Every structure is written in C-alpha cells, then in structure tokens.
Amino acid sequence: MSHGALLAVAAGGVALLLLMIIKAKIQPFVALVVVSIGVALTAGVPAAELVATIEEGMGSTLGHIATIIALGAMIGRIIELSGGAASLAHSLMERFGEKRTPLALTAAGFLLGIPVFFEVGLIILMPIAYGVARASRKPLLVYALPMGAAMLTVHAFLPPHPGAVAAATTIGADQGWVLLFGIPVTAVVILLGYLLAKRMTRREYPMTADVYAKVFGAGDGSENEAGPGSENEAGPEAGPAPKAVVEGAENPPSFGMVVSLIVTPIVLILLGTIGTNFLSEGSTLRAVLTVLGAPMVALLVAAALAAYFLGARRGWSSARISEVMGSALPGVAMVILVAGAGGVFGKVLVKTGIGDAVADVLDRTGLPLLALAFTMTMLLRAVQGSTTVALVTTAGLITPLLQRTDLSPQQLALVCLAMGAGGLSVSHINDAGYWMFTRLVGLEVGDGLRTWTVLTTAMGVAGFLLTSLLWLVV
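Going left to right, the sequence shown walks through residues 84 to 557 as my numbering numbers them.
Hint data in this document are derived by calculation from the structure and do not stem from the laboratory. The structure displayed is predicted, hence computed values, not measured ones. Incorrect hints may have been included.
[Claimed, not checked] Across the chosen pairs, the derived CB separations fall in these ranges: (1) Gly95 with Thr367: 53 to 61 Å; (2) Ala387 with Thr367: 32 to 40 Å; (3) Gly255 with Gly87: 24 to 32 Å; (4) Lys221 with Val117: 28 to 36 Å; (5) Ser405 with Thr448: 47 to 55 Å; (6) Arg217 with Ser401: 38 to 46 Å; (7) Ser363 with Lys108: 53 to 61 Å; (8) Lys281 with Glu177: 18 to 26 Å; (9) Met84 with Ala395: 58 to 66 Å.
Note that the Cβ used here is the ideal one computed from N, Cα and C, for glycine as well.
Input sequences plus hints: build the corresponding full structure.
Structural data, given as structure tokens:
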C-alpha cells in the first residue's frame, strides 16, 4: 500500500477505536483488539499471520509489564489493609501542623500514589479529608483538590502505574531513568498544583446535599447545599461515603516503616540504573545491582518485605497474607489486559508499515519530539478519557519515529514523561476519575470543570515545560 492509503487506514482505525470506546461504551481491551485485527487485515497482513502478530504483540508487552503492575498492586493492597495508608496521612498531618494540613494531605497523596492506584488512593484518603474538613469547618475542597491531583499526577507519570510502564516498555525507555527524572518532576508539578489549588479554593464552591451531610452533618450550612435536582444525570451516583476499612487500625505500622517500603523498589531500580551506567562490565557489584534493579525484582523484594513487616510480623497468617495479596489482582487484571492490547495495536502498526507512514508525517510537521508526544497523548486523553489508553496508543504511534532518531536513554525517559504530562491533562466528563472525584467531594459538573479539569490541565502543561527544560541539559 502507498503511504497515503496506510495513513487512511491508521486514521480510520483510531477513529473507530474512539467511537467504540466513547459512543458504543465498549470495554477498551475489546475495542483495541478488534481495531487491531481490522487494521491488520485492511492493511494487508495475511490471515495466516494475523494470530501470530496478535500473540507477539500481546506477549512482548505483557512479558514486561504484567508482573510489575501486579506486584505494585499487591504492595499497595498490603499497605492499605494494614492501616499503613491512614498512618502515613496522620503522621504527615502531625508533622506539618494544622495550618499546613492541605499540604500534608498532598504529600500523603504523592507518597501513597506511588504504590496505590489513583481510584484506590482516593477511597483510602478521602475519609481522612472528610474528618479534617469536619473538624476545621473548612470547605472539603481545600483538602481534597490538591490531594486528588497529586495522586493523579503520580498515576500518569511514574512506574509501577500501568500507563507509565506500558509507555516506557513500548518506546524502550529505561524505567530507572524515568524514575530518576520523573520523581523530581512529579514533586515540582504537585507543589505547583498545591499552590494553584490553594488559590482556586479561596472561593467556596457549593456541595451537593448528600456529601455535605456526610461531611458536616445534616441541617448545618444549608446555604452550601446544592438542593434537589443538582445531580448531573450523565455521571455515576456518588454512593455511600467511602470508608477506610483497615485490619490493623488498632496497631498501625509506623510512618517510617510505610515510607521505607514505598521507596525500597524505587531505590533498587535507581541503583540498578546507576550500576549499569557507571560500573565496569563484569564487576560483581554491577551484576548484583542489575538483578536487584530490574523493576520486577525490585517490586518482588518490596512485596516480600511488605508481607513480612506489615503482615507476618504483625500477626497475619500465611493464608491471610496470600488472601490479601491475591485480592489486589482482580482490580488490575483489566488494566493489564488493556496495556497488552495496546501492545497488539503497536505491533500491528509496525507489521503493516503504518508506523513508518505515521512517522513520516510526524517528522514533516517539524514539531519537536517532546511536543509531539505531549500533544498526541493529551488529545487522545481529552477525546476518550483514559490515561492508560492514551499513553499506550501514543506510544505505539510514536515508536517508529523514535526508532529513526538517535536518542539517549535519558532522552527516551523524557519522552515518556512528556507523554505522562499529556495523560495527566484534561480530565473531564468522559473520565471515570473525574466523576469519582467530583462525586466524592460533592461538586457540580460545572464546578468540577472549573476546578479539577483546569487544575489537572495546568499541572500537565507544567510537567511538559519542566520536561522540556530537562531536555535542554541531557
């Protein structure tokens, strides 16, 4: 096929993918697989090679990311059920003081967001935000807005979250370099988000009556209640107030213990990257650090330590530890499959030559690589809602272009972070995370767009600008 025909197939495939996810409400995993098959056959992949192409794309992607995502989810689950998440938040609040409680909860969102998925983190920390707002009689949004934005930022930027892992794997970026650059970038973006949220929440936004009653009690502050008919029918119901169900609440792990377990895999991965780049080949220390610094091994070590220190050492039986770790898997199974289906889509793009055709077009735009990565991810995120789908789709589209360039490992990591910045931006009404946050804090649709959507977009742009500055010095 000519490049023009291949580009038409690619455009049709992406359009069909978006229609299936947005209009038909088809599960992204199914949509990605169906579109991948359709694109492959339309672009001329022989029927006899179709299954092999799908298996190769799925296998090569999941071989890298499935274990990482599963182990990360297990660590987060143990921290959650042991009472470690609540202990972390309360300890930070004590250290920061009453006046800086919003900053403390933002820091808690940042730290807890590393091992815990965004949606789970909201459920864990929101009851704490409810309690603080009730005690201080300040608007809930003062505490919840920067806290939620911090967790979403980590979710978009850093491994072991699925979008970041899948993007890094697809474009060939080293996760150690992604973390080395990503942690300070994420911290600065979260701090900027905190300052912007502090300014945004000077204005008091009305809360829906049900959430107001849950936080402050019925009959108080009726001027803040949204009243009947204020729910937007397009979104999910808020449901009951979230409860932090923990099994070790009477004897929660210490702040130091929780933080140590969170940073252990990060330190090991970074040591592996440092060893690979700065130690001589053949040295024993380099070999040891290379093994321990492999993301799968680093997370396996952290999971074992979490099982012992937060489980066995505190009285959990082996069966209970196994049950808790296993309970983390159903929640991430579909996320893993979506990432794998993104790998299938990327493989089809390469197999059919569409990737090269797209690379030619992108190359002729004259836009810098970082700008392309950021813009494509942000547009896909805005159109279909999912950060993970936006990241894996962009990675598949942009990989052939990256393969034509001679990028260093550091530059590849920055491309990955630019994509993460795009995935953070424009969280709005087609994003499940938007509805979850706005319902938990009792925001109307318009106020959610004025606060949550504006904040996440501003933080995404800030992340891209910071990544661009780093690009100038690597």
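Here's how the hints hold up against the structure:
1. Roughly 54 Å separates the CB atoms of Gly95 and Thr367, a value that falls within the hinted 53 to 61 Å.
2. Distance hint check: the CB atoms of Ala387 and Thr367 are about 23 Å apart, inconsistent with the given range 32 to 40 Å.
3. The hint said 24 to 32 Å for the Cβ distance between Gly255 and Gly87, and at roughly 29 Å that hint holds.
4. Separation of Lys221 from Val117 is about 49 Å and departs from the stated range, judged on CB atoms against 28 to 36 Å.
5. Between Ser405 and Thr448, the C-beta spacing of about 52 Å keeps the proposed range 47 to 55 Å intact.
6. Restraint check, Arg217 to Ser401: a C-beta distance of roughly 39 Å satisfies the suggested window 38 to 46 Å.
7. At roughly 55 Å, the beta-carbon separation of Ser363 and Lys108 lies within the given 53 to 61 Å, and the hint holds.
8. In this structure, Lys281 and Glu177 meet the distance hint of 18 to 26 Å, their C-beta atoms being roughly 21 Å apart.
9. Our hint of 58 to 66 Å for Met84 and Ala395 holds, since their Cβ atoms are close to 59 Å apart.
Hints 2 and 4, counting from the list given before, are not met by this structure.
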